[in-house]
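There are 2 protein chains.
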Amino acid sequence: MSVPFVVQARCGDARAGLLQTNHGPVETPVFMPVGTQATVKSLASGDLEALEVRIVLANTYHLAMRPGARLVRDLGGLHAFMAWPRAILTDSGGYQVFSQKGRRKIDDDGVTFHSHVDGSPQRLTPESAMAIQADLGSDIAMAFDECPPSDASRDVLCRAMERTTRWARRCVATTPAPGQLRFGIVQGGADLGLRAEHLAEIAGLSFDGVALGGLSVGEPPETMHTVVREIAPRMPAELPRYLMGVGTPADLLVAISSGIDMFDCVMPTRAARNGRLFVRGGHINIANAVHCIAALPIEEGCPCETCRRYSRAYLAHLFRVKEILYYRLATLHNLHHYLALVRGARRAIVEGRLPEYVVERGLAGAA
Amino acid sequence: MSVPFVVQARCGDARAGLLQTNHGPVETPVFMPVGTQATVKSLASGDLEALEVRIVLANTYHLAMRPGARLVRDLGGLHAFMAWPRAILTDSGGYQVFSQKGRRKIDDDGVTFHSHVDGSPQRLTPESAMAIQADLGSDIAMAFDECPPSDASRDVLCRAMERTTRWARRCVATTPAPGQLRFGIVQGGADLGLRAEHLAEIAGLSFDGVALGGLSVGEPPETMHTVVREIAPRMPAELPRYLMGVGTPADLLVAISSGIDMFDCVMPTRAARNGRLFVRGGHINIANAVHCIAALPIEEGCPCETCRRYSRAYLAHLFRVKEILYYRLATLHNLHHYLALVRGARRAIVEGRLPEYVVERGLAGAA
Numbered sequence: 200m201s202v203p204f205v206v207q208a209r210c211g212d213a214r215a216g217l218l219q220t221n222h223g224p225v226e227t228p229v230f231m232p233v234g235t236q237a238t239v240k241s242l243a244s245g246d247l248e249a250l251e252v253r254i255v256l257a258n259t260y261h262l263a264m265r266p267g268a269r270l271v272r273d274l275g276g277l278h279a280f281m282a283w284p285r286a287i288l289t290d291s292g293g294y295q296v297f298s299q300k301g302r303r304k305i306d307d308d309g310v311t312f313h314s315h316v317d318g319s320p321q322r323l324t325p326e327s328a329m330a331i332q333a334d335l336g337s338d339i340a341m342a343f344d345e346c347p348p349s350d351a352s353r354d355v356l357c358r359a360m361e362r363t364t365r366w367a368r369r370c371v372a373t374t375p376a377p378g379q380l381r382f383g384i385v386q387g388g389a390d391l392g393l394r395a396e397h398l399a400e401i402a403g404l405s406f407d408g409v410a411l412g413g414l415s416v417g418e419p420p421e422t423m424h425t426v427v428r429e430i431a432p433r434m435p436a437e438l439p440r441y442l443m444g445v446g447t448p449a450d451l452l453v454a455i456s457s458g459i460d461m462f463d464c465v466m467p468t469r470a471a472r473n474g475r476l477f478v479r480g481g482h483i484n485i486a487n488a489v490h491c492i493a494a495l496p497i498e499e500g501c502p503c504e505t506c507r508r509y510s511r512a513y514l515a516h517l518f519r520v521k522e523i524l525y526y527r528l529a530t531l532h533n534l535h536h537y538l539a540l541v542r543g544a545r546r547a548i549v550e551g552r553l554p555e556y557v558v559e560r561g562l563a564g565a566a
Numbered sequence: 200m201s202v203p204f205v206v207q208a209r210c211g212d213a214r215a216g217l218l219q220t221n222h223g224p225v226e227t228p229v230f231m232p233v234g235t236q237a238t239v240k241s242l243a244s245g246d247l248e249a250l251e252v253r254i255v256l257a258n259t260y261h262l263a264m265r266p267g268a269r270l271v272r273d274l275g276g277l278h279a280f281m282a283w284p285r286a287i288l289t290d291s292g293g294y295q296v297f298s299q300k301g302r303r304k305i306d307d308d309g310v311t312f313h314s315h316v317d318g319s320p321q322r323l324t325p326e327s328a329m330a331i332q333a334d335l336g337s338d339i340a341m342a343f344d345e346c347p348p349s350d351a352s353r354d355v356l357c358r359a360m361e362r363t364t365r366w367a368r369r370c371v372a373t374t375p376a377p378g379q380l381r382f383g384i385v386q387g388g389a390d391l392g393l394r395a396e397h398l399a400e401i402a403g404l405s406f407d408g409v410a411l412g413g414l415s416v417g418e419p420p421e422t423m424h425t426v427v428r429e430i431a432p433r434m435p436a437e438l439p440r441y442l443m444g445v446g447t448p449a450d451l452l453v454a455i456s457s458g459i460d461m462f463d464c465v466m467p468t469r470a471a472r473n474g475r476l477f478v479r480g481g482h483i484n485i486a487n488a489v490h491c492i493a494a495l496p497i498e499e500g501c502p503c504e505t506c507r508r509y510s511r512a513y514l515a516h517l518f519r520v521k522e523i524l525y526y527r528l529a530t531l532h533n534l535h536h537y538l539a540l541v542r543g544a545r546r547a548i549v550e551g552r553l554p555e556y557v558v559e560r561g562l563a564g565a566a
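Protein chains in written order, with the working numbering: chain Z, 200 to 566; chain Y, 200 to 566.
Calculated from the structure, these hints are not laboratory results.
This structure is a prediction, so every number in the text was calculated from the model and none was measured.
Hints may contain errors.
It does not matter which identical chain is meant; a pair holds if it fits inside one copy or across any two.
In silico DSSO-like links for lysine-lysine, alpha-carbon gap of 30 Å or less [stated by the list, open to error]:
(1) Lys521 with Lys300
(2) Lys300 with Lys240
(3) Lys240 with Lys521
Produce the entire structure from the sequences given, and follow the hints as far as they go.
Have a look at this one:
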């Protein structure tokens, strides 16, 4: 079997790599826009192609509830369903299920919970989570893990780790879709000892990549940065490293500098819809009255479709009158900002100047 | 002064023409998508360009309330504001104001009403409606008219006609924006005698085009068709003829066959958002369960962006989970359907085969 991931360049702990998937190559570090319900909210697949997105994330839990994994499979798989010819990573549904506090019951075999759509009882096990992802036909399937809350005690963290390891073994024992890669997930909260211990366990299984889960779940950013700085460099060097659900532009540069290769986060898309638009070193809030009379774009010189054509005043108008177009234009800009940030980091790694890049982007304080 | 409109071909009462505006030529018959709040809901100006839209309608009342005509003027006018380089027609605000039943007071000088945004008292007169449209800088400004309800008595219709004529004289006495064309509006309800009488009055003023207002306001379609069939052929032959707020695909072909040149209607865009998607000779409702498993596009062979790429099953999913993308994809299809219908009618007029075209489009029953 060919090696799906190669590291092409290094700069300190940071790496520039190339991940081969069933649906094309993915240069890393890479930011994966979140397409929870088989759409990156407000964007068409053609918009994502124009943004040069190479891989998106889709949520197994949401798609299993609606429209259902079997239906997606019968329609030719998730790529055909959402008309997206490039790579897709699916999460395992674990995070969404464990977020249903008090509404789900966990046992050693799996989790029983209620559908957010109709309240019907549902069950996920390591085997069914992988089977759903095989039906969806994603390029990368994530192992089914237990994600404890950020304020969990050491005992709870330990039990979640142990269960996640047992479940990880069951996940790798299932049959993936042809060519589907599978990533394991490291838990352990903010406890560096537990993280290192769990990393060793997950790295010992035959996964194609390793992810850090259970971060950016409410803990202070500094805590998350400490875990990433300590743990990322010890993750298997030959495998892609994925930091799940992170984060701000500063978080991304901290993690890239520590050797993380892959990211997903709702931040750019959700922030866009809420009026927060990223600019170099910070953001503007389009709800502020000052933007209503501003003929300038969100960011001068930004080559995104929105900034090339539209003023802050127009966006402020669309936002205030709640026009659908606002969401698309804002999302296009914020995603462009994130994608350009991470692509710039990749170039800086190849050129051996990542620390300088972090300073140029105005994010040296956090990073 | 050059003649802004020429008739290039005729087929029975139908005409194919060319209207020159400050922002480019418009081939007629033409359908104008409705961009109430300076956006055709869910679409960017680039989407409209890709649809080969040459002229859109924007609503004076809504833009005067938010963001305000002076602000739009200070930002370079409506074209700059919404980043739309082609033609814009603005209505006069009359229709919106008169729709505020019981909340507006009419006198011979104008109308006092309440803002739908903050309830504040507002006033529109023929002079202020034209001044707002001059500030917006539209290519075609509509006269400020009184639009009576469809069940109005003959007395009410007469008074509205007389007032509309007096106001029309005041509208043509104002100073337009440079190069701005101005259209008068013919009222008279479903009374053919009143319509003919009012047409003679409006046609006697120095307008650049003549519109039929006060139709498609609740009367049966057959009533509207009768008025259009009787009145359209008597409208000035050398001026563009505009049927306001109409209608279904069948309505459009009836009116085109009767000599109407211009249309606007929220139907294709609003119907799209409600799940009604037009196909040849009819429509489908994407909310119907049968579409959830349909791998075929909305319409086989339709060259629109949506049909080229997405299945009914995907659209049905997006509609059910209320994803923003649904609205854009549905709007793109329905607008394409309307635009293609009217462009096809233009070609058929030029080729002298409009009656055959009406049959081919499956709309012979109504037309």
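Checklist entry - Should Lys300 paired with Lys240 be assigned to within, between, both, or neither, using CA atoms and 30 Å as the limit? => result within (26 Å within a copy, 38 Å between copies)
Item to check | Alpha-carbon proximity between Lys521 and Lys300, which holds within one copy, between copies, both or neither at 30 Å | outcome: between (32 Å within a copy, 25 Å between copies)
Checklist entry - How do Lys240 and Lys521 come out at 30 Å by Cα distance, when the copy is not named: within, between, both, or neither? => result both (15 Å within a copy, 10 Å between copies)
Of the hints listed earlier, there is not a single one the structure fails to meet.
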